[in-house]
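**Student:** Line by line, the protein sequences give chains A and B.
Numbers 1 to 204, taken from my numbering, label the letters of the first sequence in order.
Numbers 1 to 268, taken from my numbering, label the letters of the second sequence in order.
Just to be clear, a hint being listed does not mean it is correct.
[What the hints assert, rightly or not] No more than 30 Å apart at the CA atoms, straight line, and that leaves these computed lysine-lysine pairs for DSBU-like:
hint, chain 1, residue 1, chain 2, residue 2
1, A, K197, A, K166
2, A, K166, A, K65
3, A, K166, B, K172
4, A, K166, A, K112
5, B, K172, A, K112
6, B, K172, A, K65
7, A, K197, A, K187
8, A, K187, A, K166
9, A, K65, A, K197
In short, the hints are calculated from the structure, not lab data.
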Amino acid sequence: MLEACQIDFAFTAQPPLLKSVSMGVNAGEWVGLSGDSGAGKSTLGQLLAGYYLPHSGRVVVDGEKLPSRGIKPVQWLPQSPELAVNPRWRVSRVLNEAWMPPDALCRAFGIKPDWLNRLPGSLSGGELQRICVLRALAPGVRYLIADEISTMLDPITQVELWQALKAEAQTRRLGVLVISHDTALIKRLCSRHYHLKRGQLEDC
Amino acid sequence: MRTIQPHLQAIAYASIAALALLALLSSHWWAGELAGQMQFDARLLPPSTAHWLGTDALGRELWARTLAGLGLSFWVGCLAALLGTAIALSLAILAMLSPRLDALVQLLIDTLLSVPHLILLLLIAFALGGGLHAVIIAVATTHWPSLARVLRAELLQLRQAPYIGISRALGKSQGFIVLHHFLPHALPHCLVGALLLFPHAILHEAALTFLGVGLSPSQPAIGILLADAMRYLSGGYWWLGVFPGLGLLLMVLSIERTATLLRRALSP
């Protein structure tokens, strides 16, 4: 289980963003997280993935602290795939930074072989987001934080991406935290749903 | 007209720089010997068809000495610029590793920028006993702070990029991130920085040599030619100072302009 226990967090010289936040995502479970802009959804996602350290409280993954070395069992997927890849690297190198995904999985995510030899700048946002999602599915990853990953995509690409991710998550029993403003999307994908308001979580 | 002019400028400066480079790189073979050859029956002669840029007080051909001097300055500039860039890049990367190291690097940059660097140059060159190595070390160790500041800012910005955090989350080491993400990002800036550092290095080499703590008087350096010319200026021997000075000015300007154009091309 991916757990946040009594987390407090604030950016330097800013009022507290998260106050005593506790939540959990079980293995194989899909949980939603919504909230207004600036409520701290992405920050909470990044805290769970180890990008920030909480001022107090802790993040626990399957009973242990997040490892400081090696691949992290919790991977964060940001909203803008363009910022999530080195613009100088070819797509094959971007993917191989994490692992060598099997061809069948590439096909399941709709990744065409000719994309691999291209630079990220020549791919569309949807194409690049599929690459980022596939990269995050490296062996050893047990939880995903999908931070508004389909917001910038057209409806057909959204459906294809979520379907591919849902199938892979089911096969590997991945726990997924879906961060989104779109409560309808969260309701379709997730079994549970948290709402972040004034730095605190409410169950929906 | 507005669209053609910058291209013409770029071609002109790059052509001058390329021609100068070619002439300077080969000057050692075809002007080196002539630069030291004394003809006592042809002392202090003005420019003519026999002596293209005139001769100096010992009857040596000024064109050969100017060319050999520029060639020497070119190598000093190259080495000092490369060494300075290496120092700047190393310190900028060091600043990325921890906030304490960053504060130390910043302190070092601010301290060096607050001291007039000609004074520092003189002190370092003097402490190292003068000569070619002293000039290169003095110029390199005093000219890195501005470039280091630019590189540090660039890398600090890059460190915040999501793909760096993702690379770390994927288990990549600090060394991998420096080598595969930071360095390729910093190298174009280093290239432009080195090219912009180059004319400074040449000018300061000439200044140090002119002030007597640079290259040895036996070497046909531009600073030595200009210092010699000062002694004969009141006698009307204008060519002794004008041609080496013009050569230095042309070389510095063409490299500086080429670097500026390259910087614009690399940062659209």
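**Student:** Now tell me if each hint is right for this structure.
**Tutor:** Going down the list of hints, with the structure as the test:
Our distance criterion of 30 Å between C-alpha atoms is met by K197 of chain A and K166 of chain A, whose separation comes to about 28 Å. The suggested pairing of K166 of chain A with K65 of chain A holds, with an alpha-carbon distance near 26 Å, which does not exceed 30 Å. For a cut-off of 30 Å, the pair hint linking K166 of chain A to K172 of chain B stands: about 27 Å separates their Cα positions. A hinted pair counts as satisfied when its Cα atoms are at most 30 Å apart, and K166 of chain A with K112 of chain A qualifies at roughly 20 Å.
The suggested pairing of K172 of chain B with K112 of chain A holds, with an alpha-carbon distance near 27 Å, which does not exceed 30 Å. A threshold of 30 Å between alpha carbons decides the hint, and for K172 of chain B with K65 of chain A the separation of about 19 Å falls inside it, so the pair holds. For a cut-off of 30 Å, the pair hint linking K197 of chain A to K187 of chain A stands: about 18 Å separates their Cα positions. The suggested pairing of K187 of chain A with K166 of chain A holds, with an alpha-carbon distance near 14 Å, which does not exceed 30 Å.
Taking the CA atoms of K65 of chain A and K197 of chain A, the gap is about 27 Å. The hint holds against a cut of 30 Å.
Checked against the numbered hints given earlier, the structure satisfies every one of them.
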